[in-house]
Structures are given as C-alpha cells and as structure tokens.
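Chemist: Those protein sequences? They're chains V and L, same order as listed. Per our numbering, the very first residue in the first sequence carries number 45; after that it's consecutive. Per our numbering, the very first residue in the second sequence carries number 45; after that it's consecutive.
No wet-lab data here; the hints were simulated from the structure. Check before you lean on any hint, since a few could be wrong.
For identical chains, the list gives no copy identity; a pair is met inside one copy or between any two copies.
Claimed, not checked - 25 Å max Cα-Cα, derived DSS-like pairs, lysine-lysine: (1) Lys187 / Lys159; (2) Lys50 / Lys108; (3) Lys164 / Lys187; (4) Lys50 / Lys187; (5) Lys231 / Lys96.
Number of protein chains: 2
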Amino acid sequence: MSDAKKVLVVFSGGQDSTTCLLQAIRDYGRDCVSCITFFYGQKHSDEVNVAKNIAAEQGIKNHKLINLDWYNQITTNALLDSSMEIAQDAGSAYPNTVVDGRNMMFFLVAAIYAKSQGIKDIITGVCETDFSGYPDCRDVFIKSCNATLNLAMDYSFHVITPLMQLTKEQTWKMADELGMLDYVYEKTLTCYNGIVGRGCGECPSCELRQRGYDAYMASRLKIEG
Amino acid sequence: MSDAKKVLVVFSGGQDSTTCLLQAIRDYGRDCVSCITFFYGQKHSDEVNVAKNIAAEQGIKNHKLINLDWYNQITTNALLDSSMEIAQDAGSAYPNTVVDGRNMMFFLVAAIYAKSQGIKDIITGVCETDFSGYPDCRDVFIKSCNATLNLAMDYSFHVITPLMQLTKEQTWKMADELGMLDYVYEKTLTCYNGIVGRGCGECPSCELRQRGYDAYMASRLKIEG
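Start from the sequences, fold in the hints, and give me the full structure.
Modeler: Shown next as structure tokens:
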C-alpha cells in the first residue's frame, strides 16, 4: 500500500488536457494518475475515442468515461445541437459554442468521483488567455469553484490549472519540454470539425492551435539557430 | 408580455420544498413560478409522482423533471443503493445517506435551466438547522455556490433559502400562515421509507418532522387557548 499522492486529470483528448496529462504522469507517476472524460452529444463523438486511445497508450489504468447526454435537456448551443452552425453572434459577448455551466459540471462530477477514490488533486487544462473568453475558464471562477466544492463535500480538493496563464505557444513549449511535442501535435483532437492532429485548419480552434505552434517552432528555430 | 419576476423552485415534494413552493406562488404569482425536480435512482421513485401531483394541483405550468440516474456511476450511498441500509456509521461525521455533491448538482442544473428560461431567482428549501449536518445544507456553502454559479455563467442568479435558519416547528408555522398546514401535512413525502403524509413514523426524517409538527401544534393551542 502506497501513500503516494494521487491525481485526477479532466481529460478531453485535446492539446491542452493531453499536455496536462503528460505532465501529471511525469510529476505524480503513471500509477497515481487517473483521468476522466466527458461526452455529451458532441458533434464529434470520435473525441471520446481519441481520449480513450491516448489514455490507453499512456498506460493510464483508471480512465473514467461519463456520459452527460442529458445536458441538452436543460440548455442548448452549437456544440450540442448538430442543426446549429458554429458562429460568433454579433450581438452576443460570447460565441454560440458556450455551453452554460459546462466547466462547473465537469469539475463537480470530477470532484465527486475523485472523493470516491480518495483523490484530492484535480488537474484541468483550462486557460484564461484562450481566445473565446468563456466565463468558466477564468481563474476567478476556478478559485471560487474550488472553494465551493470543498464546502459542498467537506473535503480538501486542490483544483490545479497548469495552463491558466499560458499562451498556446507556451503550451507547445511545455509539450516539447516533456519530450512530447510531436505526440501532442499528431495525436490530439482540438478541431471543431473533428479532424485529429493538424485539424481542418479553418475553424477558430485550429487557427489558434496552428498559430501557437508556428510561433513556438519559429522561436525554437531562432534559439537553435 | 409581462416583466414580472420569474422564479424557479427546486422541488422534491417534501415538506420543506412544498412550503417554499407555496410561498413562491403567493409572492411571485402562480404564472411566474416554475419548478424543477430531480430523480436519481432513489429507493422510492414514488417521490417523483408526489412532486408531479403537487405541482399539477398547484397549477404550475412549467415543471421540469431531470433524471440524474447516472449519479451512481460516480459515487454511492444508502439513498442510491437499495442493497445498503440507512444508518449513521459510528466512525463517520455524517450519516450514510449523504450523497456527495448532491445539492451542488441540483443547484448547478437548476441554474443552467433557469438561465435558459431567463430566470434569475432560484428558491431551495435547504436548512442548516436540520439534524443531519449535511455540509451542502450550510449557508456558507449556498453563498459560495451562488457566487460560483454567477461567475461560471456570467449571470446574476439569486439563490434564495427561506428555510435556512428555521426549525421544523417554524416551517410548519410558515405552512400554517400560508393557509396550507393540512395540505403540507397530508400531501408531502419526507419519509425515508416512502410513505406519504405522516410517514412510517420511525425513520429519522419522520421523527424530525413529527416532533416539529407536535411542537407547533402545542404552541398554537397555547396561543388559541
């Protein structure tokens, strides 16, 4: 029996959470890392398979999959409803891919599960420098949510956000420092159109990802050159 | 089109939330009151039917039912697992009817749904003077959760807790002042063994309910006498 600290990674199979997973494996040791993946009627349910494959490849023994397909009973948006186009409504502060309460739901379910496993550390790849300004990616939300979770369950969760202040360029650097730059580039799925790796190259998510990658590769070349 | 303030009541069909529902009907007007009921593999799914009947009888047009039966994928306890006996474990601070994160889940789902309906006021019957000391019934949790919800969705929810500081005796008084004492006594379901109204008379919930009722009736007789 080991007293080694355990961790639960909220894991989507995208660039950000995959980088967090790889860092957690380095920092906690493979056997102490669990991960949890949510699916809820995403347009591209392949996302779940991408996450499953990465977790299996990385030797994660405990990968919990949670189906939140009831989510569209209570609200809707372009990620949940395949008849809607992804767009930034001119009159709205947020793009129509905002799923109200999504991150809070992820953290709450993750925390309930973590407590059932005796896990206190929860890692998430949320990032407030991200382009879309989702309110539930802000650090102030994460800190408030952490306090609320601890009060709700009388437990000492630590919600850890390694990417909170990083640009996409810096997240690529992090993957490189973990020796996993190519792995993250080729294996992860961030594209709104469901294309693994480089992606469709046209959706906002692909553009952000590629711009960060190009910037990082340029700076790396400069250093190496 | 009316600008009247709307409200969503988290409604189980028990004494507390029924009293809150009746008060909301008085304060907001019947047509401005919606309610939401959760079920998740309770031993007594009749609870849902009790809630449905009360809401219909009270003329609530919008009664949302949410199935959380996936909850036992992430944690378990005596309310979710019919093979467990309800008990207060001697070594534990809490009875084994605690469902980790339950109220936070209720408020989160209620809030997501409320926002989709343009509703900001959310009423819940939670009460920190309650006997069991559930951590997610405390006022400090509710206030923290309210702040987190507002940050998560960039919205101004008001989580309202009319019973927070009341004893059961005072909650019966409130029903009486609404002219609904007998209605609440006869129609609601609080009993762990699923018996409507007076209940089994033996579970902790029935004992608490009856003790409060007896105390209120004694004090009322004294005043009337």
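Chemist: Is the C-alpha distance from Lys187 to Lys159 at most 25 Å within one copy, between copies, in both cases, or in neither?
Modeler: This pair counts as both: shortest intra-copy Cα distance 18 Å, inter-copy 22 Å.
Chemist: Classify it for me, Lys164 with Lys187: is the Cα-Cα distance of at most 25 Å met within a copy, between copies, both or neither?
Modeler: Close inside one copy (15 Å) and across copies (23 Å); limit 25 Å.
Chemist: At most 25 Å between alpha carbons: which applies to Lys50 and Lys187, within, between, both or neither?
Modeler: within (21 Å within a copy, 30 Å between copies)
Chemist: For Lys50 and Lys108, with the copy left unspecified, which applies at a CA distance of at most 25 Å: within, between, both, or neither?
Modeler: Classified as within: same-chain Cα gap 15 Å, cross-chain 38 Å, threshold 25 Å.
Chemist: When no copy is specified for Lys231 and Lys96, does a C-alpha distance of 25 Å or less occur within a copy, between copies, both, or neither?
Modeler: within (11 Å within a copy, 48 Å between copies)
Comparing the model with each earlier hint shows no violations; every hint is respected.
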